[in-house]
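Enquirer: Chain by chain, the residues run as shown.
Protein chains: 2
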Amino acid sequence: MTTALLDTLRQIVGAAHVLTHEDPTTDLTAYEQDWRKRATGRALAVVRPASTAEVAAVVKACAAARTAIIPQGGNTGLSVGGTPDASGTQVVLSLTRMNAVRAIDRDNLTMTVEAGCILQTLQETADKEGLLFPLSLAAEGSCTIGGNLGTNAGGTQVVRYGNARELCLGLEVVTPQGEVWDGLSGLRKDNTGYDLRNLFIGSEGTLGVITAATMKLYPQPAAQLTAWAAVPDMAAAVRLLGLAHQHLGAGLTGFEVMGQFALSLVIKHMPQLRVPFAGLKGAPPYYVLLENSDSESEQHARERFETLLELAFEDGCVLDAVVAESLAQAHELWHIRESIPLAQAEEGLNIKHDISIAASRIPAFVEHTDALLAREIAGVRLVNFGHLGDGNLHYNVQAPEGGDARDFLATQEDRVNQLVYDAVAQFGGSFSAEHGVGQLKADKLAQYKSPVALSMMRAIKQALDPQGLMNPGCILQKQ
Amino acid sequence: MTTALLDTLRQIVGAAHVLTHEDPTTDLTAYEQDWRKRATGRALAVVRPASTAEVAAVVKACAAARTAIIPQGGNTGLSVGGTPDASGTQVVLSLTRMNAVRAIDRDNLTMTVEAGCILQTLQETADKEGLLFPLSLAAEGSCTIGGNLGTNAGGTQVVRYGNARELCLGLEVVTPQGEVWDGLSGLRKDNTGYDLRNLFIGSEGTLGVITAATMKLYPQPAAQLTAWAAVPDMAAAVRLLGLAHQHLGAGLTGFEVMGQFALSLVIKHMPQLRVPFAGLKGAPPYYVLLENSDSESEQHARERFETLLELAFEDGCVLDAVVAESLAQAHELWHIRESIPLAQAEEGLNIKHDISIAASRIPAFVEHTDALLAREIAGVRLVNFGHLGDGNLHYNVQAPEGGDARDFLATQEDRVNQLVYDAVAQFGGSFSAEHGVGQLKADKLAQYKSPVALSMMRAIKQALDPQGLMNPGCILQKQ
Chain R
1 MTTALLDTLR
11 QIVGAAHVLT
21 HEDPTTDLTA
31 YEQDWRKRAT
41 GRALAVVRPA
51 STAEVAAVVK
61 ACAAARTAII
71 PQGGNTGLSV
81 GGTPDASGTQ
91 VVLSLTRMNA
101 VRAIDRDNLT
111 MTVEAGCILQ
121 TLQETADKEG
131 LLFPLSLAAE
141 GSCTIGGNLG
151 TNAGGTQVVR
161 YGNARELCLG
171 LEVVTPQGEV
181 WDGLSGLRKD
191 NTGYDLRNLF
201 IGSEGTLGVI
211 TAATMKLYPQ
221 PAAQLTAWAA
231 VPDMAAAVRL
241 LGLAHQHLGA
251 GLTGFEVMGQ
261 FALSLVIKHM
271 PQLRVPFAGL
281 KGAPPYYVLL
291 ENSDSESEQH
301 ARERFETLLE
311 LAFEDGCVLD
321 AVVAESLAQA
331 HELWHIRESI
341 PLAQAEEGLN
351 IKHDISIAAS
361 RIPAFVEHTD
371 ALLAREIAGV
381 RLVNFGHLGD
391 GNLHYNVQAP
401 EGGDARDFLA
411 TQEDRVNQLV
421 YDAVAQFGGS
431 FSAEHGVGQL
441 KADKLAQYKS
451 PVALSMMRAI
461 KQALDPQGLM
471 NPGCILQKQ
Chain X
1 MTTALLDTLR
11 QIVGAAHVLT
21 HEDPTTDLTA
31 YEQDWRKRAT
41 GRALAVVRPA
51 STAEVAAVVK
61 ACAAARTAII
71 PQGGNTGLSV
81 GGTPDASGTQ
91 VVLSLTRMNA
101 VRAIDRDNLT
111 MTVEAGCILQ
121 TLQETADKEG
131 LLFPLSLAAE
141 GSCTIGGNLG
151 TNAGGTQVVR
161 YGNARELCLG
171 LEVVTPQGEV
181 WDGLSGLRKD
191 NTGYDLRNLF
201 IGSEGTLGVI
211 TAATMKLYPQ
221 PAAQLTAWAA
231 VPDMAAAVRL
241 LGLAHQHLGA
251 GLTGFEVMGQ
261 FALSLVIKHM
271 PQLRVPFAGL
281 KGAPPYYVLL
291 ENSDSESEQH
301 ARERFETLLE
311 LAFEDGCVLD
321 AVVAESLAQA
331 HELWHIRESI
341 PLAQAEEGLN
351 IKHDISIAAS
361 RIPAFVEHTD
371 ALLAREIAGV
381 RLVNFGHLGD
391 GNLHYNVQAP
401 EGGDARDFLA
411 TQEDRVNQLV
421 YDAVAQFGGS
431 FSAEHGVGQL
441 KADKLAQYKS
451 PVALSMMRAI
461 KQALDPQGLM
471 NPGCILQKQ
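Chains as they are written, first to last, in UniProt numbering: chain R, 1 to 479; chain X, 1 to 479.
Just so you know, these hints were derived from the structure itself, not from any lab. Any given hint could turn out to be false.
[What the hints assert, rightly or not] Cut-off 25 angstroms, straight-line C-alpha distance, at most; resulting in silico cross-link-like pairs (DMTMM-like, lysine to aspartate or glutamate):
1. R:LYS37 to R:ASP7
2. R:LYS352 to R:ASP315
3. X:LYS449 to R:GLU166
4. X:LYS128 to R:ASP315
5. X:LYS352 to X:GLU413
6. X:LYS449 to R:ASP182
7. R:LYS449 to X:GLU179
8. R:LYS449 to X:GLU401
9. R:LYS37 to R:GLU22
10. X:LYS128 to X:GLU179
11. R:LYS449 to X:ASP105
12. R:LYS449 to X:GLU166
13. X:LYS37 to X:GLU401
In this text, all values refer to a predicted model and were calculated from it rather than measured experimentally.
Isolated chain R, as found in the complex:
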């Protein structure tokens, strides 16, 4: 039966695009292991279709053989949402060969792209047209738009342009039955029945396979300026956010917060980077990176920033600030922000969180949870940074200095997670803001999501994928 399925798959996509362990020289690690190396599975085969019709045929063949499918894009997910289990019975469906930009519609400000397009390619394609595709995140050089949509990826410009969800106007999807839903549309308004598009976005390949999407484009801003501000506490950072919304309007395209300890790791491990204000003794506890995108001119952007920062100084929510004088300086400031995860890795193993909380409650949450962790776990070090403009913190935990980080994680990770996620729940937040659930957090979903919501999700899964073959165990635990 397995041999028959593999033969069928080879007929559909060509033998060269069905990778199996039958050939001992084939290394499937890149498909079988997740990005953070949290899980390694064993696939029956990795199948690489080149067209929607091929995807549909593959899904039909697998459905007939009752074989589970794990859709996979760039395999850069952070929640183990695209990794096969260890059984050797699941097919990894890699979308990376489906990488055509099908159409760009300048007047409609849209582009239609296949699921396997690399995010950076989309940014560059838009740029060549003098337009902006604003989705931007650390893995943009290797993640795919299909994966971005499957996980509803966020990133650094969400405060202005929204998540991947808000940037999508239409989808093409292969259903678990191997049928093609052509929901590609450049329509900004379409109220004809249930919102299938948003149901598939963020469903992490558990309801079907996204094969193409129509995405929004924006005019490029005339100028983009970056500022860096030291703030006295998290409450001040939230006040600054309010002022920035008011005085920059939709010009506010980035609002990142960074804790002093997070930056001290950058200073320690990337000594070549000049980190404003943060390196001194008695340095302020938090820093904010602001980006102002202006449809007019650089001079105008600079004036707006000056007005904002003057008001912020008066208010007291900013202690010190610098506005980048050049694009190079702006890149340097962003580079500091983006170096935090790497600096953390250099410092040693750590526990990552991707939480969101209403901005108004973040100061109290941080105060409460910082104290809680300090009390409960001796020597714990908090690497707190993230997209404050969206209420999204990467509230990460570094092992105590000098201790054995591996040992710390082995003994403390579950406890740390429970303390943090319980606090998040207490403050009405989410345990997964932008990284999705995957297999990694399926137990957290079962624990923290309302039973009513979970039961509706299970009903929907059962309705659309009654055989349970699409990415089983991802999001919803196997029953």
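Position chain X against the provided structure of chain R, taking the given hints into account.
Expert: Chain X alone, transformed into the frame defined by chain R:
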């Protein structure tokens, strides 16, 4: 059995809030007839709960009695989505007593409101806080936010702020089983499982009852300016839209198009209104109303408009333009736009459409469909206007001059609809942009939606409402 149910309902909400025909002095027309008087039903009862717990109890009681429920807000819908059938067996669940503003969170820029809140009340509540709730549409004085969300209402500011969907961060819903899902959340990022919020938004009460919502707020703009431009053709209007996106950026909060004949009806029936440029012989065929919201100042808004209009004159896409000198003038210009439906009504019965098409294809669609209708239906008069910024046209059809409009509708409405909707489908558009499907267009959904999408919708309906008691016949036809 019916008596038992009515007794139970009276126990839940109080006898005063269960309205039935048993009392001959009670007039239920306001609940049993839709806004446009396209349909009149007969309800078993109109039930008016005052709290989420009461809604849940009502739904449970109806579910136990296998009695269908028609959720209803302000009953201003345009697609007959909240009207009971003629059987006298359905319960109208009116949410208008649930009208509390539960919370305003300034730092998080959100407000949590009950489903029965009037849209205008929400606008005014935000305004008092110095904030903006941007959803705005003709029925705002009587429609409710629950209805707005149930139908994913659009309106005049969608080009900047999106539809009702994009303004909502969380919902509270009573499921068809009478359970309460507390999905209220002020979170801008939350990737924990399937997007139930967006599934309920736009489902027109067929999957459950929205009882409350957390909605986004925005800073109020410092200034808002309105301009009126005459353009040589629809293609020029689309070019002007592109220029406006580029030069106003997110300042562009309104972009309405109006055909010359639509304005001529305003001139004819509201002679007190001064309609710029449109009243003369040889007047240009289309007019655009632009709104520029500026986070800086009125002077800055004016400068940006001047820059834009200069470029537009150079391009040739604007023939003549005027920028309102005062708020009163701006209101006057908007009032002209908003008077078109009334002027149409004064002119006589007509056939309304609410279609959307990618902006890039609108000029070709209009040229094609104008010619088609002129050829197929002698003397037909087209009242074309709408939210061009969102690709949404109210491409309405007025009976031939001097003829009997009632007779024209009786004999030609189906044919006109088919010609228009076939053309819409040919151009990749939607037959319902912002008004929803309701009972009125359920046959159109069956006709024009892809069978794959329809079958997924039916599976979802069956999964969440297996008894089929929530607003039966709305969106999906009874099987």
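Enquirer: Indicate, hint by hint, whether the structure satisfies it.
Expert: Evaluation of the provided hints:
1. R:LYS37 to R:ASP7: violated (31 angstroms)
2. R:LYS352 to R:ASP315: Cα-Cα ~34 angstroms, so violated.
3. X:LYS449 to R:GLU166: holds (23 angstroms)
4. X:LYS128 to R:ASP315: The hint holds at about 22 angstroms.
5. X:LYS352 to X:GLU413: Holds. X:LYS352 to X:GLU413 sits at ~10 angstroms (cutoff 25 angstroms).
6. X:LYS449 to R:ASP182: Given that 25 angstroms is the threshold and the Cα spacing comes to 10 angstroms, the pair holds.
7. R:LYS449 to X:GLU179: Within the cut-off at roughly 15 angstroms; holds.
8. R:LYS449 to X:GLU401: It is violated: about 60 angstroms lies between the C-alpha atoms, which goes past 25 angstroms.
9. R:LYS37 to R:GLU22: Answer holds: R:LYS37 to R:GLU22 is near 24 angstroms, not above 25 angstroms.
10. X:LYS128 to X:GLU179: violated (35 angstroms)
11. R:LYS449 to X:ASP105: Roughly 23 angstroms separates the two Cα atoms, so the pair holds.
12. R:LYS449 to X:GLU166: Holds: R:LYS449 and X:GLU166 sit about 23 angstroms apart, inside 25 angstroms.
13. X:LYS37 to X:GLU401: At roughly 24 angstroms apart (the allowed maximum being 25 angstroms), X:GLU401 and X:LYS37 satisfy the hint.
Of the hints listed earlier, those the structure fails to meet are numbers 1, 2, 8 and 10, in rising order.
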